[in-house]
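This is what each chain is made of:
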Amino acid sequence: MRQLLCLLAVCIAAVGEVAAQPDRPTFNRDIRPIMSDTCFRCHGPDRIARKADMRLDIREEAIKPTRAGRMPIVPGDPDKSEIVARIFAEGARVMPPRSAHKDLTHAQKDTIRRWVAEGAAYEGHWAYQPVTRPAVPAVADASRIRNPIDQFIQDRLRREELAPSSEADKRTLLRRVTLDVTGLLPTTADTRAFLADTAPDAYERLVDRLLSSPRYAEQRTMRWLDAVRYGDTAGFHGDNPIPAWPYRDYVLQAFLKNRPFDEMTREQIAGDLLPNATVEQRVASAYNRLNRTSAEGGLQPKEYLAKYGADRVRTVSAVWLGSTLGCAECHDHRFDPFLAKDFYAMKAFFADIQETGLVPDRGARAWGAKLALPTEAQRAALAALDTNLAAARLRLEEAAATKAVPPIDDAAREVALNARWQAGQLAWTWQRPIGARALNGATLTIYDKEPIDSNFYLDGSLKTDTKPGDGLVVASGMNPDRETYVITLKPGAGAWRQIGLEVVQDESLPGARYARGADRFLLSEVEAELVERGQPARRLSFVMATVNDAPPAVSAINDPSMPPLAAIDGKLNTAWGIRFGEARNPFVALRFADALHTTADTTLVVTLRHDSELRRAVIGRFRLALAADAFAWPPTGTSGSRARSRDESGRTTWASGLSEDAMRALRRPADDRDEVERTAVRDYLIFSNPDLADLYRDVEILETERGLLDSSIPSVVTTVSIDPMPTRILPRGNWMDDSAPIVEPAIPRFLGALDTRGERATRLDLANWLVSRDNPLTARTFVNRTWREFFGIGLSKVIDDLGSQGEGPTHPELLDWLASEFMQKWDIRHVVRLIVTSHTYRQSSLGDTKPDPENRLLAHQNRFRIDAENVRDVILQASGLLSDKVGGPSVSPVEPPGYLAALNFPKRESSASRGEDLYRRGLYTTWQRTYLHPSLLNFDAPTREECTVSRSISNTPLQALDLLNDPIYVEAARAFAQHAAAQGGTRPPAFDAQLAWVFDRALNRAPTMEERSILQRLYDRNLKRFAADTAGAREFLSGGETPLPANVNAVRLAAMTTITRAVLNLHELITRN
Amino acid sequence: MYENFVREMSRRAFLGRGAAGLGVVALNSLLGPRAFAGTQAPAMPSRGVVNPLDFAPKAKRVIFLYQAGGPSHLETFDYKPKLAGMTGKPMPESFTRGQQIAQLQGQRLTCFGPTHGFKPFGKSGQVVCELFPHIGSIVDETCIVRSMWTEQINHDPAHTFMNSGSIITGRPSMGSWALYGLGAEADNLPGFVVLVSQGNGGQMQPIAARQWSAGMLPSKFQGVRFNSVGDPVLYITNPPGISRDMQGDSIQAINALNEVANRSLHDPELHTRIAQYEMAFKMQTSVPGLLDMSQEPPHILEMYGAKPGDGSFASNCLLARRLAERGVRFIQLYHRDWDHHSDVRNNVVLKAQEVDKPTAALITDLKQRGMLDDTLVIWGGEFGRTPMSQGRGGRDHHIKGFSFMFAGGGIKKGLSYGATDDLGYAAVENPVSVHDCHATMLHLLGIDAAKLAVKYQGLDVRLTGAQGGAVVRDIIA
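Protein chains in written order, with the numbering used here: chain A, 1 to 1073; chain B, 1 to 477.
I should point out that these hints are in silico values taken from the structure, not numbers from a laboratory. A couple of the hints might just be wrong.
[Unchecked claim] Calculated lysine-lysine pairs in the DSBU-like style (CA-CA distance at most 35 Å, straight line): (1) Lys102/A <-> Lys119/B; (2) Lys307/B <-> Lys467/A; (3) Lys1024/A <-> Lys282/B; (4) Lys307/A <-> Lys451/B.
Whole structure, please, built from the sequences with the hints as guidance.
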C-alpha cells in the first residue's frame, strides 16, 4: 500500500504543486518531471528512439533548430517555440501524441509555457551533482532542536507555516525506537527502566544500548539481504538449497561490529581481489554469487550467463547508485543519461567471475566455486583422514597387484566368477516378510502375491501398473517424524552372507518419491537378530554396506553426507540416504560378519531405524532380500523394470548379483571389452577377493568418515576470479546477437572515468569508485533508504530511482547533509543514531494531516506496519517462545503440508526444524525463493528473486487468516497464556492481573476499561464453552512442540489462550507508532 | 451472538466496495493522467483502477486452462500432413538456422511427423487431433489460434513471460493485472484463484509461485492458490477445538478492540484491518462451501469426469465453474506434465485422457448456464514443441509457433486463426505474440492494455511490455 501512496503523491505533487506555485518554475522541480514522463521517451537520450531529430533533455540541443528547421525552444519566446505550440495543439499535432496516453494537464502546459517565457533555464539533475555539505539553517526557536536534522526539517516547516509536533510519550517512543532499531518489542523490564530513568540523556543511552545489541545487527541484516537478493535456494527451476548462510552471517557480524560501509562494499563486490584476502573477505564476495541460477537441462548457457550478468548490474545499480541502469540492457536509457554501452560496461566488471550458465544443483560440482569453512579441528581431522585414506588405498592397490593369495591370476578368477554367476550363486532371494510393524504409529502392509498399484518412472515416463508385490512392504496411515520398522523374515533353510534392502520409488511418496516427507530418505541404522526356536535372540553384526551404484551414476546419486556404511555404524546421527535418484530404486547390500545358517524355523528380525533430525525422511516402500554369496553385488533397479526369475521353490530371485557393467563385460571376450567394462571386472575382482576384504573395508570406512566430516563442514558460494570473458553489447538485449562491439569495464560515462593506468578495471576498482567522494549517488542512495526505515518514506520517495523518473527530495539540503555526514567515515550506526535521536524522529505521530496529507514535511511522525519477519518476531517474543540464537544455518519453521507440491527435482515436502530452531527470528527462515514461507509472503516479504530496496505494505484477509489460524501463532497464544498464568498470577481477580501482564508485554501499556470488558466477555463465554467441552480445550492447546504441563487446568488455559490470541491479532501489535 | 455478528458484517461495506478508506482512493488516483484525460469510453463503472472501463467489456472474467510444460501443437491443434511425409528426413536448415534450440543443441535435426491423426470437427470443420473428441464436440464454440509465438525457451522464464509479459521477475501476473484493473466481484473469495493439478505422465516441471505473484502491485492482487491437500486456502481452517461461533466471537472482539484504538488514532489502515478480518471470516465459510461438491448432480460430475477432492484437472475444471459463478475474476488452472521430451505419442494420449473431457465439459457447462458469453476461456501452455524429434520419440521445447484455444467472452465462434509454416515450425500467417494475447484478453475485459500501467523504477510497467501488444481484432466477435 505504501507504494501506492507514494505513486498517488507523485500524481498529486505533479499537479497540486504546480497549480499552487506562485514563484518561477524551476527546471528540476517543475519541468524535468513533466518532460521526463512525457517527452524524453522520444526526445531524450536514446538516439534510436529519438523522433524528429529533437532532443529536449539537454539545453544546447533543445535551443537549436532540428533538421526540419523547427526551433524546439526559443528561450523567452514561447510563441516561437515548437514545444509550446505542440503541447497546446489540437488533434493530430498535439504532443505528447494521443497514442502515448500521456496527456498534459492545463496546469502542466501553462508551467512549461511560463518556464520558456522566463528563459528556459536548465539545471543538472540533482542526484548527479557532487555531494556538498550544505550549511545548517538557523532556527529561531531552539526548543525542539536536538541535532541538525531538526534544523533542516523545522526550517522548511516554518517556511510552510507549519510547526513540529511535540515529543511522543515515553512508552510510544520506547516502543517505536526498539521496533525500528531491533525489530523487537521492549521487554517489561525495558519499559520499567526507561520510564523510571528521568536523566536528560535517558533516551540517548537507550539508543546506544539498542544500537550495540545483536538485535540491531539482525534488523539491519534483514534489510540488507533484501537489497542483495539473498536467498537460500537457487530460484530457478528445481529451486534447490544453495550454501549461502555464511554470507548472511558475515553481514550480521559486519553490522554488529559496525564495519564501515566502504569496507563492506569492497569486501562484498571484490573481497576475493583484496590483497591477501581473508576468509571473511572471501565469504563476503559470495555477494556476487547470490543471483538466481538454473540447473534446468537444455538451457542455453550463454542466455543464462546474460541473465546472471544483467542481474548483477541491476543490483549494483539499485543498491549503490539508486539508479535504473538495468533499463539500458536493451536500449539507451529513455530518461536518464545511461547508455546501453554503460550497462554492458558495468556488466564487464563482473566478467571475471568463474561461473557456468547451467549451475549444477547436486553432486561434487554443485553451485560451482565454493569456499569450505572448517574449524581448525575439522581441518586437522580432514588432513589426517586424507593421509590415512591415501595409505589405505595404496595398501589395497599393492595387495591387489602383488599379494593375491593364493596366487591365482585374474583370468582364472574371472572364469570362476563367471561360473558362479552363471550357476546363480550370486543371486538374491527376495523375502516375503511374515511380519512387519512400525513402532511409532505408521501402518505397514506386506504385499506378496497380493496386487498393489505402483506409479513409477520408466524411460522418462510415469507408468502405472498393478502387480503382485513380490514381498513389497508399504507404509501408510500415521506419518510420524521418526519411525522404526521391525520386519520378521522366515527365510527357510539356507546359508546367508548378506541381507539387501531395496528402497522402492513411487510417485505417491512426497520425499523424492522415496520417503513419506522431507526431500530424501534417511536410514539411520539397520539391525538384525536371529531367532531360533527356544533360544534367546542373537544380534547379528554387519561388516560392509554396498549400494547398487556404479560410475557414473555414483556421482549423481551417492551423496557423501549420507553414505551406506552410515546405516551400520551404530550411530543414530548418521544415515544412509538418497535425495536425487529419479527413476531409481537404490539397493543396499549389508554383509554379515559371519555366515548365517538358517533352518526351516529360523526367523530373522530386521529393524530399520529412521532417527534423523529431518522429519519424515522415512522410507515409504521397500523389499528385503538375502544372498548366499558374501560379494553378491546389489542388483540394479530402475523402478518397475527388473530381471527377475523364480527359483525351483517358486521364490522370486534376482539372478544378477553383478553390476550391469560387469555382466556386460563377462558376456563378451576379454579383448572386445571397453575401458568401462575392463574396469568393472577388475574392480569387482578386487571387491570380491576374500583376501582383500579387510583392506577394501578399511578404504570404505575411511572414505565414509571423510565424506561425513567433509559434508559437515559449512561452505559458501564464493567468487573466484578468472580471465574475464569478453563482454559484448547485446543489441536489444539479444544474447544471440554477436554483432555489436566488445566493451571494457567502465563506470557510466557521464559520471566520470576510472583511472586504472591503462589496466583493465576490476571489481575492486568499481567498489572503490562506488564509495569514493567522486560518486554522488552511493551516499545519497544509502541515507535516503535508511531514512525510509525510520519514517516510512524516503526524503526522495522513489528509493530505487534517484533519476529523473524518481522524485526530487523534499529536503535536498538535508539529504546532502546526511550524505556528506555518512561519507566522512561511512559509519552506518552514526547515521542511524543521528536519525533516531533527532526531535523529528521523536515526535508524536498524532498530527493534523490536513495541510500535508502525506506528511512529507514531517510535522509529525508516521505510523506503519512492521515488516514480515518482525511480525513473527514480536509474536514469538511476547509469547516467550523466541530464540535469541544469533546466526548459523537457516531454519525451517513449520510449513503447511503440500506447500511445495508444485516443485520437482527432487519432489519434496518441507521438513520443519527441531527444538529451538522452530522459534528463531524470521530473518533466519530458509528463504525458498520460489515458495517463500507463506507467513512471510503474506506480510510482503520479497522473494528475493530480484534485488528489492523497498517493500510494499499491504493489508489483506490472508494476513488475518495467518495470524488467527497459523499453528505457530496458536501455539504462541497458548505459550503466552501459560506465562500469563505463571507471571500474572492466579489469585482473584486473576483475569485482571493476567490481562495486565499480557498487555504490558505485547503492547507495553495497560488495558483500558473498555478493552478489559471486551476481553472479559470473551473470556467468560469461552470459559463456559471449554468447561462444557474439555476435549475441545485440550485439542486447542495441543498444537506445537512446546510441552504442556501435565497438571494444567486446560479449561482455564484454553479460555485465556483465546484472550492472548486476540491480543496477538491486534493491529496495534504489528504497527509501529 | 453469532447471529448479531453476521448481521453486523452484512451491514458493513467490504474492501473493494469503496469503504476501505485510503486504499481505494489511492487506487483510483493511481491512474494519474488517465483521470485528466477525459476518456471517450462509455461510462462503464468498475471496482478497480480502470474506472470507468476503457471499452464496453465482453468478458467479466477469465478462466485460463494453463497447460504447463509446453503442449505439442503438432499433437493437439496444428495438423501438418507435409511434416508427416518428412518423418526421419533432415529438418531443412532454412527453417532452423540461427534459431534458439533447447536440448537439441548441437544435435542432428530430424523431422518428426504428427504421431496421431487429425480430423475436422463440428460445423466449422476445425481440424483437431483425434485424441480430443470432446473438444472436437465443442469446437464450434471456440477459436483456435495456430500462430502463437513466445520469446523464452526454458520452462521457468517462459512461464514468467507468459504470465507477466516480462522475463524480469517482480512484474505482476496477468491475473493480478485483471484484478487490479477490474477489482473483485466477490466479497467472500479472493479475486484471483490458482489451482494446480498433476498429470499422470510424470513430466512434471516445477512451477514457481512467482507465476501468480502480484509483483510490484500490492499483495492483495496476488493469486491465491487453492490446495488439494491440507487447508484449501492456507490457514483457512480454525485451530482445533475452535468452533465457528468461537472464531466469530474472537474476530468480533479483535475488531472491537481495534475500533477502540481507532477512536484515538484515526488510522485508515485500521479500518482496512477491520474489514480484512471480516472478509477472512466470510472466506472461512465460503471456501468450504465452494469446495463442497455434494450439491452437484451426478450427471455434472460425470460430464467433467470429476471425483471431488482428487485434485485432478477434471475436478479443478468443475471448481473453476463454481468459482466463476461466485464472481472470482481470474481463475487459472495449471495442469502439469506436458513436457514430452520423450514418447510424445503415448504421453499425449494420457494428457488427452486428463484434459479433453473436462475442458469440453467446462465450456458446455458455462454455456448451458448462460455464462460462456461473459467468461473468456483460454487453453494453452508456455510454448509448443519442435517438429523435430528428440531422443525416444519426443519433442523439444519450441517457441516460434504453437497453438492456443479461446472460447466465450466475446471470442468469435468456430474460427481458426493464423498458421504455422508447412512443417509447423514458425508462425507465418497472422502471428500472435504473448503480448498480443494479453492485449486481446484485457480488451475483452474492457481494458486498454496500453493504458493499464504502474510506474516502477521510472518505467510505466505494463502487462504488454514496453513495445505493447496489438489486440487481435479478427478473433473478436
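Outcome of the hint check:
1. Lys102/A <-> Lys119/B: Not OK: Lys102/A and Lys119/B at ~50 Å, beyond 35 Å, violated.
2. Lys307/B <-> Lys467/A: holds (25 Å)
3. Lys1024/A <-> Lys282/B: Holds: Lys1024/A and Lys282/B sit about 25 Å apart, inside 35 Å.
4. Lys307/A <-> Lys451/B: Since the Cα atoms of Lys307/A and Lys451/B sit roughly 29 Å apart, the hinted pair holds (cutoff 35 Å).
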